[in-house]
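**Q** As a plain string of letters, each chain reads:
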Amino acid sequence: MSYPDWFVLVITLAIIILYGVYKSRTTQNLDGYFLSNREMPWYIVLFSIMGTQASAITFLSAPGQAYTDGMRFVQYYFGLPLAMIVLCVTFVPIFHNFRLYTAYQFLEKRFDAKTRTLTSFLFLLQRGLSTGISIYAPAIILSSLLGWNIYWTNIFMGGLLIIYTVAGGARAVAYTQQLQIVIIFASMFIAGWLVVKYLPEGVGLFDALKIGGAMGKTNVITTGVREGGGFDWNDKYNLWSGIIGGFFLALSYFGTDQSQVGRYLTAKSIRESRMGLLMNGLVKVPMQFMILLLGVLIFAFYQFHDAPLFFNQTQVQKVQASTYGDTFSKIQDHYQELDQQKKNLVQSIVASGTTEISNVNREALGRLNQQRDSLRTEFKALVVKPEVGGDSNDANYIFLRFVLDYLPKGLIGLLIAVIFISSWGSIAAALNSLASSTIVDIHKKYINKNLDEAGDYRVSRWYTLAWGVFCIIVAQFAYNLGNSLIEAVNILGSLFYGVILGVFLLAFYGKPVKGNAVFWGALLGEALVITLFLMNEHKVITLSFLWLNAIGAIAVVLLGWLLQIFLFNKRVTY
Amino acid sequence: MHEPDERPPLFKGWNTWYLTVAGMLVLMIILFHFFTKYFS
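Protein chains in written order, with the working numbering: chain D, 1 to 574; chain L, 1001 to 1040.
Chain L extracted, bound-state conformation:
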């Protein structure tokens, strides 16, 4: 039994969502790096 692979909200495909989540992780690591440098 297979359900159709439904379209995600906001973006055209799921790959854009996956890239967004991965991209946010990279962005957070970069921001945390600057946070560490700045306050230490």
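So here's chain D without its partners, still in its complex pose:
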């Protein structure tokens, strides 16, 4: 990176930290530290919810996803608006009326202490681990692309935000997220505008989309039905898995994960919480659409420019240095030859002056891209050879590779800053929620019930710091375990979210079902979800992990009812 980039990066990060510290004045008790004294307006709640959900990987991965697989990933979010409605109807009024600090407190009021402790433990386990990976995932990308030391990158990625998160709690988190979202979207918009600007003369946004569309990248809606008929249950992103699976995932995440519940509990009223959530339901899908569109534009851009065989240069260097170096050279030469043919063809289409791509040209372009994809697959096979031991997924590197190779000085620094601050938004909220659940659900319940307000405040700050350190340690450990852990932690979320949601659904809608039935139903439901996951891993069945959320929730609801009726209390009264 150049000096102007370093300057912009350091200044942007410093502004965020100083702003967070400046906004950190709050009353020194649990209400002030974890809930901003419940005084936030809906638009701060909205920014906070968005900033918590959107991590760095959202902005790195989604354009790469569109580049490689098209825009169908947006369907993953179709269930979210519906989940926001259910939350507003059921969860929000109850959480507000009981004046809770954590969602799990409600489970003790409704069921018993062991159910509350079980769910809060599952949350702490899953969120603590996944936050560590949220630090590691963007850090490894920056480390590979910029040659930074991964351990120091982890420390900066996960460490600097601790300053304002410890100092100001939920209030500092919410206000910095507001500023972060503004910087992130302004930067992404400039990046998108520059991609279109860098297209050859006479080629505009519409033409770029036509080129992307001709290569199957504008596939926003897919049905998941195989060509020969029948639904593909292993297809991750289609209309139905998006609406049904995405609904259960969003309901679990926003309704039962304290990192999100803690955001809308800061609202000054039920009305402000609801408005924040409903606005999130309105803007989330178009926002994801725009980020994916950026990926399609970058794809179109690379039809006119040299596209790297593989976007992660660290892996390329590893293969070059291995005994597969000669094989790599042959693949690379062939790839460059095809790339040149592709560029000539696309330029001839543009030179013809028509925006329509004829079937002949479409087929020729498709054939060339298919051949290039085959060479990429051949190269990826080399990357995963035991001697190389690399990561064959380069989708997360596509956007930043483009940024580093083509964007002007200064803007590169700003977009690297975007990676940091988008990470900080979600990590800060996670640390705040981990600390709140630890002190409210564990410390004040089992360790010291008699803490006064000053003690609450002091211990809460220590827990925030401790979780920050823990998550950085997880990130450092993740480096030694390899790249597959990122996907493993995503799946880990799906293993637990559905079951926790099932417990909450019974709490809200299963009035006759009592604590023992729910507790054992949750344990059995968890066993079922893990069994299905293992069966899928061993190819006994084919089931995308997104469905595990729905299955987990439904299993807990059914098992809870059955256990209540047949085992714990045969007479169910309504």
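If you're looking for bench data, these hints aren't it; they were derived computationally from the structure. Don't take every hint at face value.
Label-pair restraints from in silico Cβ distances [said to hold, decoys possible]:
#: 1; chain 1: L; residue 1: Thr1020; chain 2: D; residue 2: Glu537; range: 22 to 32 angstroms
#: 2; chain 1: D; residue 1: Val196; chain 2: L; residue 2: Leu1031; range: 19 to 29 angstroms
#: 3; chain 1: D; residue 1: Lys197; chain 2: L; residue 2: Val1026; range: 27 to 37 angstroms
#: 4; chain 1: D; residue 1: Tyr446; chain 2: L; residue 2: Ser1040; range: 49 to 59 angstroms
#: 5; chain 1: D; residue 1: Tyr43; chain 2: L; residue 2: Lys1012; range: 18 to 28 angstroms
#: 6; chain 1: D; residue 1: Ser2; chain 2: L; residue 2: Thr1016; range: 51 to 61 angstroms
#: 7; chain 1: L; residue 1: Asn1015; chain 2: D; residue 2: Gly389; range: 55 to 65 angstroms
With a straight-line cut-off of 20 angstroms between C-alpha atoms, the simulated SDA-like cross-links for lysine to any residue are [as the list claims (entries may be wrong)]:
#: 8; chain 1: D; residue 1: Lys343; chain 2: D; residue 2: Leu365
#: 9; chain 1: L; residue 1: Lys1037; chain 2: D; residue 2: Phe289
#: 10; chain 1: L; residue 1: Lys1037; chain 2: D; residue 2: Leu209
#: 11; chain 1: L; residue 1: Lys1037; chain 2: D; residue 2: Lys343
So the derived list for chain D, only partly shown, Cβ under 8 angstroms to chain L, looks like this [what the hints assert, rightly or not]:
#: 12; residue: Phe78
#: 13; residue: Ile85
#: 14; residue: Leu209
#: 15; residue: Lys210
#: 16; residue: Asn219
#: 17; residue: Arg274
#: 18; residue: Met275
#: 19; residue: Leu278
#: 20; residue: Arg458
Every value quoted in this text rests on a predicted model; they were computed, and no experiment measured them. Think of the CB as a built atom: it goes at the ideal place given N, C-alpha and C, for glycine as much as any other residue.
Knowing the structure of chain D, use the given hints to seat chain L on it.
**A** Frame of chain D; chain L shown alone:
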């Protein structure tokens, strides 16, 4: 303890807001469908 169910901004009741959010989702899916068809 129960807070009053406050009236939402713009509309008379929350149900109108819920229908608006659901309706916008349906509208977006329809528009995305045409987007997919048109550019592919």
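**Q** Each hint: holds or not?
**A** So, going through the hints one by one against the coordinates:
1. L:Thr1020 <-> D:Glu537: 22 to 32 angstroms: 42 angstroms, violated
2. D:Val196 <-> L:Leu1031: 19 to 29 angstroms: 21 angstroms, holds
3. D:Lys197 <-> L:Val1026: 27 to 37 angstroms: 35 angstroms, holds
4. D:Tyr446 <-> L:Ser1040: 49 to 59 angstroms: About 58 angstroms separates the Cβ atoms of D:Tyr446 and L:Ser1040, which means 49 to 59 angstroms holds.
5. D:Tyr43 <-> L:Lys1012: 18 to 28 angstroms: 22 angstroms, holds
6. D:Ser2 <-> L:Thr1016: 51 to 61 angstroms: Between D:Ser2 and L:Thr1016, where Cβ atoms are some 53 angstroms apart, the hint holds.
7. L:Asn1015 <-> D:Gly389: 55 to 65 angstroms: Cβ of L:Asn1015 to Cβ of D:Gly389: about 57 angstroms, so the range 55 to 65 angstroms holds.
8. D:Lys343 <-> D:Leu365: 10 angstroms, holds
9. L:Lys1037 <-> D:Phe289: Judged against 20 angstroms, a Cα distance of about 16 angstroms means the pair holds.
10. L:Lys1037 <-> D:Leu209: 12 angstroms, holds
11. L:Lys1037 <-> D:Lys343: Between L:Lys1037 and D:Lys343 the Cα gap is close to 25 angstroms, so the pair fails against 20 angstroms, i.e. violated.
12. Phe78: 7 angstroms, holds
13. Ile85: Holds, about 5 angstroms.
14. Leu209: 5 angstroms, holds
15. Lys210: Where the cut-off is 8 angstroms and the nearest Cβ of chain L is about 6 angstroms from D:Lys210, the hint holds.
16. Asn219: 6 angstroms, holds
17. Arg274: Holds - the Cβ of D:Arg274 comes within 8 angstroms of chain L, reaching about 7 angstroms at its closest.
18. Met275: 7 angstroms, holds
19. Leu278: 5 angstroms, holds
20. Arg458: Interface hint status for D:Arg458: violated (28 angstroms vs cutoff 8 angstroms).
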